[in-house]
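**Student:** Protein sequence lines correspond, in order, to chains B and D. Reading the first sequence from the start, the letters are residues 1 to 351 in our numbering. Reading the second sequence from the start, the letters are residues 1 to 636 in our numbering.
Quick caveat, the hints were computed from the structure, so don't treat them as lab data. Yeah, the Cβ is synthetic: ideal placement off N, Cα and C, and Gly gets one too. Heads up, some of the hints might be wrong.
What the hints assert, rightly or not - Pairs of lysine-lysine, DSS-like flavour, derived with a Cα cap of 30 Å: (1) D:Lys486 <-> D:Lys560; (2) D:Lys488 <-> B:Lys194; (3) B:Lys194 <-> D:Lys486.
What the hints assert, rightly or not - From chain D, some residues computed to sit far from chain B (all C-beta separations above 12 Å): (4) His59; (5) Asp87; (6) Glu131; (7) Ile135; (8) Arg210; (9) Phe241; (10) Ala279; (11) Ile321; (12) His498; (13) Lys590.
To be verified - Quick list of simulated restraints, FRET-style, between CB atoms: (14) B:Glu205 <-> D:Ser25: 28 to 34 Å; (15) B:Asn280 <-> D:Arg30: 46 to 52 Å; (16) B:Ile125 <-> D:Gly449: 31 to 37 Å; (17) D:Arg52 <-> B:Leu254: 50 to 56 Å; (18) B:Gly351 <-> D:Thr459: 18 to 24 Å.
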Amino acid sequence: MDFLRRILGWSTGSETTPPKDDIIITQGDTEPASPPEPIIETPANAQPPAEASTTLAQAGEEEVSLDKAQTAPIMTPVAGTRQLPPLETVVPRPGQRLTFGQLSDIGMVRGNNQDAVFSIISSSISSDDLPDFGLFIVADGMGGHHDGEKASAITVRTIANYVTGNIFHALTQKQMDDEDRPTITDVLLSAVQKANEAVTDLIPEGGTTVTTTVIMGDRAYIAHVGDSRAYLINDEGIEQITRDHSLVQRLIELDQLTPEEAAEHPQRNVLYRAIGQNDNLDVDAITRRLLPRSCLLLCSDGLWNLIPEDVIRNVVSKHDNPQHACHELVDMANDRGGPDNITVIIVEIPG
Amino acid sequence: MVDTQKFAKNLPEQPMGEGALQPGSVLQGRYRITGVIGVGGMGSVYQARDLRFPNVTRHVAVKEMLNLTSDQSVRELTLRTFERESDMLASLSHPAVPEIYDYFSNKDRAYLVMEYINGRDLEAIINSITEFLPIETVLQWALELCDVLGYLHLHEPEPIVFRDVKPSNIMIDQHGRLRLVDFGIAKTFQVGQKGTMIGTEGYSAPEQYRGEASPASDVYGVGATIHHLLTRRDPRLEPPFTFAERPIRDTNSAVSAELDATIMKALAFEVNERFPNAALMKEALEKLTKPSFVGFSRPSEEVADDLGEWGALEENEARIIWRFQCEDEVRSSPVVHRGVLYVGAYDNNLYAISISDGSFKWKYPTEEGISSSPAIAETENLVLFGSLDHLLYAVDSRVGQIAWTVPTQGSVQSSPAIAHGHVFFGSDDGNLYAVRLSTGRVQWKWAGGAPIRSRPLVTGENIVIGMESGDVVGLDLSGQMIWRFKAKRAVTSSPVEHDGLVFFGSMDWHVYALDITRGWKVWSYRTNKPVISSPAIGEGKLFVGSVDGSLHALDASSGKERWHFDTEGQITSSPAYADGAVYFGGIDGKVYSVEVKNGRARWQFETKSPVPSSPAVHDGVVYIGSMDHYIYALKA
Chain B
1 MDFLRRILGW
11 STGSETTPPK
21 DDIIITQGDT
31 EPASPPEPII
41 ETPANAQPPA
51 EASTTLAQAG
61 EEEVSLDKAQ
71 TAPIMTPVAG
81 TRQLPPLETV
91 VPRPGQRLTF
101 GQLSDIGMVR
111 GNNQDAVFSI
121 ISSSISSDDL
131 PDFGLFIVAD
141 GMGGHHDGEK
151 ASAITVRTIA
161 NYVTGNIFHA
171 LTQKQMDDED
181 RPTITDVLLS
191 AVQKANEAVT
201 DLIPEGGTTV
211 TTTVIMGDRA
221 YIAHVGDSRA
231 YLINDEGIEQ
241 ITRDHSLVQR
251 LIELDQLTPE
261 EAAEHPQRNV
271 LYRAIGQNDN
281 LDVDAITRRL
291 LPRSCLLLCS
301 DGLWNLIPED
311 VIRNVVSKHD
321 NPQHACHELV
331 DMANDRGGPD
341 NITVIIVEIP
351 G
Chain D
1 MVDTQKFAKN
11 LPEQPMGEGA
21 LQPGSVLQGR
31 YRITGVIGVG
41 GMGSVYQARD
51 LRFPNVTRHV
61 AVKEMLNLTS
71 DQSVRELTLR
81 TFERESDMLA
91 SLSHPAVPEI
101 YDYFSNKDRA
111 YLVMEYINGR
121 DLEAIINSIT
131 EFLPIETVLQ
141 WALELCDVLG
151 YLHLHEPEPI
161 VFRDVKPSNI
171 MIDQHGRLRL
181 VDFGIAKTFQ
191 VGQKGTMIGT
201 EGYSAPEQYR
211 GEASPASDVY
221 GVGATIHHLL
231 TRRDPRLEPP
241 FTFAERPIRD
251 TNSAVSAELD
261 ATIMKALAFE
271 VNERFPNAAL
281 MKEALEKLTK
291 PSFVGFSRPS
301 EEVADDLGEW
311 GALEENEARI
321 IWRFQCEDEV
331 RSSPVVHRGV
341 LYVGAYDNNL
351 YAISISDGSF
361 KWKYPTEEGI
371 SSSPAIAETE
381 NLVLFGSLDH
391 LLYAVDSRVG
401 QIAWTVPTQG
411 SVQSSPAIAH
421 GHVFFGSDDG
431 NLYAVRLSTG
441 RVQWKWAGGA
451 PIRSRPLVTG
461 ENIVIGMESG
471 DVVGLDLSGQ
481 MIWRFKAKRA
491 VTSSPVEHDG
501 LVFFGSMDWH
511 VYALDITRGW
521 KVWSYRTNKP
531 VISSPAIGEG
541 KLFVGSVDGS
551 LHALDASSGK
561 ERWHFDTEGQ
571 ITSSPAYADG
581 AVYFGGIDGK
591 VYSVEVKNGR
601 ARWQFETKSP
611 VPSSPAVHDG
621 VVYIGSMDHY
631 IYALKA
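Starting from the given sequences, assemble the full structure and let the hints guide the process.
**Tutor:** Right under this line is the structure:
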């Protein structure tokens, strides 16, 4: 009966005299043995559809005033391909709004960090009721002569530019429900295609993976190429929601290898799809609903190759502050040899 | 290897380093290096001149292999393997196998001296063309390739497996003859590589990644090479082992169905479904090159076809558990509850039929036809349905006695939805009605301004309705509008919900996925005709029929098509998902059962008339109505 909480006009009163403002709030275990029968009332202000659509159209035309300081969204862009200092710009207060932590580390063996990471959060309180917005990107570059780090840097920059222009801008213009807009999935796929074009043009010998997530309200929209990963972590456990575009993953799916054999396979690092590979790039799109207090984790293979899923989950669950969890995960990977660059983003959904 | 693994991380910048031989240097006092033919990860191939023939220019190819292992015993083992395989190669005698002249080794390298082949490899040929190659040319190469591999596969005492059939290992020499150039000896010298690389081998059979290779693995390599030649689609740039999803004729229509099928057989994922060796594949290819006699075309297959049709007829009848005849067409979709099937018909009746044997229990007559599908209110023991006579009926589901009706100002074609003690339904009068089940009293109605013929979707917090105006509206449970989405044409398809997304089809040819809380467009998928069918969800896929004649299976999370299944007519029936299969009717008069995993037909059942009705699947039985007046109970 949880849904009752949210319903206006449902009451416990008798049918003849329904108290208009009575909203039932059912709290956990204290639900009465026999729940009262809900009543759906005829709303006093039921609107004919013509009026309703006018209201909507007017709302869409409203200019967004950016000088209303108290309603302006907070934007916190952070990007880098080198190890970042601990974040001081975002002081997460879990449970109230979208919070995140991120870290990218060179590891213990490599001479440079070819990973790139990028995050934005916007959160606002106003009568416009804009959902929290987040954009998070992890890219793991490949190629000699600094081509790898250039490819991943161009990729995160291109995607960030395209997504802010085509989604964040529409959000703040209140144009998200414009029927002629491309779908959110299409915008995200186009963003990755733009990155592919840019890398192909500018870094012909370089390539990169990319896993990018847009969060709006309680939904995550993910676009993905390569073997960086996105995980969903909640009370039920940890779930990998991206699929590696690697040879061994394909062999596992075809029952030719077990995951254990894949971990030792001489060709376990071979990808069959990446940014900068060719013009015709097939990008995976995924969208998922995020439950309150769940976490989304993006990482490069420098993390998931070394740290088992259940350990990742325990570390994320243990920390209130997602930035602290990022540090612990990177430290663990380095303790285990840190053979590759290690990059992680943890996003916490408010509860 | 050179191109596909160009992104190797962490390899030495120049793998050959300073060790590469310079032109002019002489090996064994006999072979003077004149140039480099190729550079690979394990060593180079040089062109050299044989100084034993001072009066003529005799060129040889010198293949150099680096023995990089630091472990002394492994190094010696590697060398012995190299010598053994060189001896074996030297014993071969086939026009497509290059002659071996000599081999020798020093410190960290081994050398193989062989026939120098003047020509181009198939990889270079593919890269240089802008049109498809003539099919006869490719077929001729395929025959020559199968001929030499067949020679190796039938080698005594044991078959020789080439292991690495791919365009770059196959040359066409200056006389136009096909030659095999790399006998995989280099693999002995391969060391583990580090760092992520893009690009798979593309031509290797799946079992080879487990370290197993047989003549059938080479057959796979032949298939992959020919597939690449005929389609010009590089398998190294496609997801591995996806040939089955990419028939050659999809890209190159000049290829015959028989040739396509032969190559696809070579590319079968399972080893035992391929030709066991290249000699047998050659036989199959030879049959294609022989002209067939007119009027004398393979009688055995025709007999098989005839038998197939006979079998299909018998199978059709065998699938029926029972059938029940109504007095008019059945367009409405049945619902099953406690052993009883409820369905409306154009003869104005709502029928209650026992599912155990198809016996009649009761019927309830309305004033006009019933096109909406009934809904069951379990606690109230009611079956609810709309009629073209403008009424919504609530009838006792046990005995068929009327409980109450709700009058509207238009036909009720919308199927009702039951939730929260209420029934929700739309009418052609443009209203959505919320009616209390216990009393039949209208709690509220929401004026949509256009006929509502789809079934409302009611979740814990939202109501979503599609309208004939193309509007799709999200309401809260008290009937307040939260959002509105406009499709370009009518939405008759009933919305369904999964993971916070609402899915529906539109007459504007699209299937849409919206965020249920805000109405934002998450993805859309375009079919080739209007979509009236309502989607069903199973295993993360969305199934929806289109007037374009196909059932489309889309990834619910991205809107990407996973497969489609073609029928011979429109599909307006809404599919039903159960136990790994999807069931639906076609205007071609058939009921289909399709495998969810791959979109292949499990069975089909022929009725006498179009099937716009949607199936109900219950305990391994499919219940569906047809315009031939029958309700069928079919084995799932």
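**Student:** Are any of the numbered hints broken by this structure? If so, which, sorted upward?
**Tutor:** Of the numbered hints, 8, 9 and 12 do not hold.
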